[in-house]
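Peer 1: Order-wise, the sequence lines are chains U and V. All residue numbers for the first sequence refer to our numbering, where the first residue is 1 and numbers rise by one. All residue numbers for the second sequence refer to our numbering, where the first residue is 1 and numbers rise by one.
Misleading hints may appear alongside valid ones.
Calculated lysine-lysine pairs in the DSSO-like style (CA-CA distance at most 27 Å, straight line) [claimed, not checked]:
id, chain 1, residue 1, chain 2, residue 2
1, V, K159, V, K134
2, U, K100, U, K37
3, U, K90, U, K4
4, V, K101, V, K112
5, U, K115, V, K118
6, V, K159, U, K4
7, U, K115, V, K152
8, V, K9, U, K23
9, V, K152, V, K101
10, U, K4, U, K115
11, U, K115, U, K90
12, V, K152, U, K117
13, U, K4, U, K100
14, U, K23, V, K152
15, U, K75, U, K90
16, V, K101, V, K125
17, U, K4, U, K23
18, U, K42, U, K90
19, U, K117, V, K9
20, U, K23, U, K90
21, U, K100, U, K75
22, U, K23, V, K23
23, V, K9, V, K19
24, V, K9, V, K23
Hints in this document: simulated from the structure, not taken from any laboratory.
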Amino acid sequence: MELKFLVVDDSVTMRRIVNNSLKTLGYTNVVEASDGKDALSKLAADSSINFVITDWNMPVMSGLELSQAIRGDAKLGNMPILMVTTRGVKEDIVQALQAKVNNYVVKPFTPQVLKEKLDQVLANIS
Amino acid sequence: MSIQTENMKEIFGKIDDLKAVFKVGERILPILTSLIDFMGEIIPLLENINTSISDSTNQMPKVSNQINNVTSATELATTEILDLVDEISNELNDIEQAITKILELNQTRDDKFNEIIKHVEGNDKVIELLNEYKTISTYDDTFNIVREVLAKISNDAFKITMSLQVQDITSQQLSAVNHLIESVNTRLTGLVKEIDSSDLKKEFGSMKWEDSESTHFDGNASYIDREHKQQEVDQIISDQKQVASQEEIDKLFS
């Protein structure tokens with residue numbers, strides 16, 4: 001299965017960094033969105049997207065709300081979601097788990113950590 | 001007689017009570033005077049504070065805007081750095097591909113060389129010269145060193161990319177500061193409005209002791225020289241009895 005990623009972050013810088021990191025890991029099929037609402041539009045328009053990497057703090061719709069929306073959607077419900085965020089306190093992580101994200105990466109991250117978490121998510125869903 | 005004595009006692013008792021009230025009033029009055037004077041003095045200070053808060057409040061949107069500008073500028077600069085890093089990475093990749101192609105061509109050259117050797121078997125001098133030529137024209141080791149250097153540069157360039165996450169983190173911190181400034185601004189604006197609407201200057205700035213009939217206290221009341229004061233009262237009463245009805249006199253005590 002070829003992976004097509006949706007990278008959701010309001011920061012242009014972070015989108016590029018995540019995108020570049022994915023390229024170094026061999027993943028070149030990447031779509032970007034600037035917030036949760038934009039992400040939902042992209043997901044609705046492109047059914048080939050099969051992995052979401054999202055920031056938490058974003059305008060319009062947060063990553064947490066996006067995760068809840070995806071999990072509440074009949075078609076997208078099983079979409080793997082990796083949260084990449086600066087929020088690193090226990091309460092936040094618990095909240096993200098309650099929103100059923102598959103894994104959690106704290107910024108600033110290294111490509112190794114990103115790879116490790118991607119591999120874990122992919123191993124769990126396969 | 002006994003009834004009159006009782007009445008007199010009662011009157012004296014009330015007079016004592018009145019004396020006590022006067023004593024208390026006399027003690028409190030200087031304090032009240034000082035308090036009013038203090039309020040009069042503090043008003044300009046409050047006005048200054050109010051002005052300072054107003055000035056600070058007016059500056060806050062500008063500060064907030066400057067922070068937003070800093071965020072935009074750093075994001076733009078970061079994008080430019082990322083563009084350059086991407087460009088460097090692409091060029092490194094091009095060089096890497098070129099070297100790979102050269103090494104592939106070297107392999108072809110070696111194959112051709114081996115074919116030539118087969119055709120000149122027995123001619124030792126030619127074989128010797130060809131082997132020398134092959135040794136001189138082989139750069140594989142050098143190219144491998146260059147490849148290693150290129151890989152290191154590429155890796156360092158990627159590390160620069162990853163380090164630029166700091167821009168996102170600092171922009172979030174600046175957003176938090178901005179939010180805090182906006183919260184303080186909102187509260188200070190509310191405070192300034194409240195101070196303005198309370199019209200402190202009007203209420204207290206012009207405050208002074210008034211001898212007006214509208215006030216229900218006597219600003220000049222004093223327990224000092226009370227005997228002389230009483231005499232003045234008695235004289236007024238005496239004069240009033242001559243010209244005024246009892247009802248008017250009673251009003252004087254009411």
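Peer 1: So, for every hint listed, does it hold in this structure?
Peer 2: So, going through the hints one by one against the coordinates:
1. Between K159(V) and K134(V) the CA atoms are separated by roughly 40 Å; this puts the pair beyond 27 Å, and the hint is violated.
2. As the CA atoms of K100(U) and K37(U) are separated by approximately 18 Å, the hinted pair is consistent with the 27 Å bound.
3. Annotation: proposed proximity of K90(U) to K4(U) is violated, straight-line Cα distance about 30 Å (limit 27 Å).
4. For the given pair, K101(V) sits about 17 Å from K112(V) by alpha-carbon distance, which is consistent with the 27 Å threshold.
5. The straight-line distance between the Cα atoms of K115(U) and K118(V) is roughly 52 Å, outside the 27 Å bound, and the hint therefore fails.
6. In summary, the hint linking K159(V) to K4(U) is supported, as the alpha carbons are separated by about 24 Å, within the 27 Å threshold.
7. Among the hinted pairs, K115(U) with K152(V) is consistent with the structure: their alpha-carbon atoms are about 20 Å apart, no more than 27 Å.
8. For the hint pairing K9(V) with K23(U), the CA-to-CA distance comes to about 108 Å; that exceeds 27 Å, so the pair is violated.
9. Restraint check for K152(V) and K101(V): the C-alpha separation of about 20 Å stays at or below 27 Å, so the hint holds.
10. A threshold of 27 Å between alpha carbons decides the hint, and for K4(U) with K115(U) the separation of about 15 Å falls inside it, so the pair holds.
11. Of the supplied pair hints, the one linking K115(U) and K90(U) holds, its CA atoms being roughly 22 Å apart against a limit of 27 Å.
12. The suggested pairing of K152(V) with K117(U) holds, with an alpha-carbon distance near 25 Å, which does not exceed 27 Å.
13. Pair hint K4(U) plus K100(U) holds up; C-alpha atoms about 20 Å apart against a cutoff of 27 Å.
14. With a CA separation close to 17 Å, the supplied pair K23(U) and K152(V) stays within the 27 Å bound.
15. Of the supplied pair hints, the one linking K75(U) and K90(U) is violated, its CA atoms being roughly 30 Å apart against a limit of 27 Å.
16. With a C-alpha separation of about 32 Å, the suggested pairing of K101(V) with K125(V) is violated against the 27 Å cut-off.
17. Our distance criterion of 27 Å between C-alpha atoms is met by K4(U) and K23(U), whose separation comes to about 12 Å.
18. Of the supplied pair hints, the one linking K42(U) and K90(U) is violated, its CA atoms being roughly 31 Å apart against a limit of 27 Å.
19. Proposed proximity of K117(U) and K9(V) is contradicted: the alpha carbons are some 99 Å apart, above 27 Å.
20. Note on K23(U) and K90(U): the hinted pairing is violated, with a Cα-Cα distance of about 31 Å set against a maximum of 27 Å.
21. Taking the CA atoms of K100(U) and K75(U), the gap is near 16 Å; set against the 27 Å cutoff, the hint holds.
22. With a CA separation close to 92 Å, the supplied pair K23(U) and K23(V) exceeds the 27 Å bound.
23. A threshold of 27 Å between alpha carbons decides the hint, and for K9(V) with K19(V) the separation of about 15 Å falls inside it, so the pair holds.
24. Of the supplied pair hints, the one linking K9(V) and K23(V) holds, its CA atoms being roughly 21 Å apart against a limit of 27 Å.
In the structure shown, a violation is registered for the earlier hints numbered 1, 3, 5, 8, 15, 16, 18, 19, 20 and 22, in ascending order.
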